[in-house]
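Just so you know, the protein sequences line up as chains P and W, in that order.
Per my numbering, numbering of the first sequence is gapless, rising by one per residue and ending at 350.
Per my numbering, numbering of the second sequence is gapless, rising by one per residue and ending at 231.
Keep in mind that the hints are not guaranteed to be accurate.
Simulated DEER-style distance windows between Cβ atoms [unchecked claim]: (1) P:ALA102 to W:GLU185: 34 to 40 Å; (2) P:THR168 to W:SER150: 20 to 26 Å; (3) W:GLU185 to P:LEU108: 31 to 37 Å; (4) P:GLU229 to W:ASP177: 43 to 49 Å; (5) W:SER150 to P:GLN207: 49 to 55 Å; (6) W:GLU120 to P:ALA102: 53 to 59 Å; (7) P:THR344 to W:ASP83: 39 to 45 Å; (8) P:ALA102 to W:SER123: 44 to 50 Å.
The set of hints was computed from the structure by calculation and includes no laboratory data.
Backbone N, C-alpha and C define an ideal beta-carbon position, used for all residues, glycine too.
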Amino acid sequence: MELDSIVKDFKAKVCEQLRVVPEGNERFRVFTPFLFEDGDHLAIVLKKDAGGWFLSDEGHTYMHLTYDLDEKDFGKGTRQEIITNALSTFLVADRSGELVSIVSNGQFGDSLYSFIQAVLRISDVTFLSRERVKSTFMEDFRNLIEAHVPEESRAFDWHDPKHDPEGLYSVDCKVVRRGRSPLLVYALPADERVSAATISLLQFERWGLEHLGVGVFENQEEVNRKVLARFSDVSDKLFSNLATNRDRLGRYLTENLVIQ
Amino acid sequence: MSTLLTDADIAKLIGERKQLPASYTAKLGLKDKRGHKERELDITGENGSVFRLILRQSSSNILDFSAILAYLPEDSNQTFRLRRCNGKSHEHTNKLEHQTFYDFHIHYATERYQTSGLREDAYAIPTDKYADFHGALRCLLDECSFDEPVDPNLLLF
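Could you build the full structure based on these sequences and the hints that come with them?
This is the structure in structure tokens:
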């Protein structure tokens, strides 16, 4: 195909899909080929008020985003950055949720291009609403203990009835070993749980309760370094995650139950 | 959206009876947000599936609205949009069919759009079943197996 034909084809395609249709007094709907990810086209209206001509989405863009996101999330973190940058880069104003681009010096085409780019960039924030599958870590932890420790040797959510009748310092699972100190096993999905486990183990030390502290992390790499360091000081054995340590943890529990 | 539902799953969820709570119209009264009004209501179906009614209405354009039935999968924080009744404020293109139109339209969740890597409800059909927001909500309730609450006064007779 000749270059001229290619250019003609491009122009025809773009022009053909760009339409402006009257929708009342000094109001036109602007149809473009640009889409949100669900196949809906951008909503664009060209209107005139006392200040002159302007393009507006009439609140559609943010409303469309709220199908997937909470409106409050637009004003926080990376989403806010993306939106603020898009608005300032393409000179689009946010008038209480309505996106508006003023047409200056009769440059309708420029305003339209800027407006489209701003809206498309803003719509990218939906890709930040990544899937977060609910963790099955606690359930997996419990299942693994049940598979390797007989019922009579384990106590989930144990606390010391003598020193701590209210259960302020609990253990995810106490594993009783005949003639030896028990294993106090903690499932550690997040920093808060690691800190709580550290406090509990320190309290057991203070009460003089013999034990071996065991920590099983959901993902040790995600734990704050200081929080991890404090827990390491008071525990005896760590498993960096459950997913790749199932066999190792299973063996550890089984071996520790063997009467020596 | 990462939950993949087959057409049979989708039909089953649409067909699951959903009891609307007493005074549901008050619970669905729209509240002002920035540039639009919105409201949501969670409803558990007769088989235990959790659904969400999502309502949106532009503050500037009465023809720009959405009445959505979403499903909340148990193992996900994402909603899966089963059906969406949209107003007439924008064109829609069905990417797989290369079909574009400008009208009131209803989005349908489909297996083939999901397997093509597109949004679950990216397929839509123009409709004349409604022409305003309230009509769209009524259409959604009628077509997605919602049961109206029984009026206690009627039980007297």
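Hints, verified against the model:
1. Checked against the hint of 34 to 40 Å, the pair ALA102 (chain P) and GLU185 (chain W) passes, with Cβ atoms roughly 35 Å apart.
2. With their beta carbons about 21 Å apart, THR168 (chain P) and SER150 (chain W) fall inside the hinted range of 20 to 26 Å.
3. One distance hint, 31 to 37 Å for the beta-carbon pair GLU185 (chain W) and LEU108 (chain P), holds here, with the actual separation near 34 Å.
4. The hint said 43 to 49 Å for the Cβ distance between GLU229 (chain P) and ASP177 (chain W), and at roughly 48 Å that hint holds.
5. Between SER150 (chain W) and GLN207 (chain P) the CB atoms are about 32 Å apart, so this pair departs from the stated range of 49 to 55 Å.
6. Roughly 54 Å separates the CB atoms of GLU120 (chain W) and ALA102 (chain P), a value that falls within the hinted 53 to 59 Å.
7. Roughly 41 Å separates the CB atoms of THR344 (chain P) and ASP83 (chain W), a value that falls within the hinted 39 to 45 Å.
8. Between ALA102 (chain P) and SER123 (chain W), the C-beta spacing of about 48 Å keeps the proposed range 44 to 50 Å intact.
In this structure, the one hint that does not hold is number 5.
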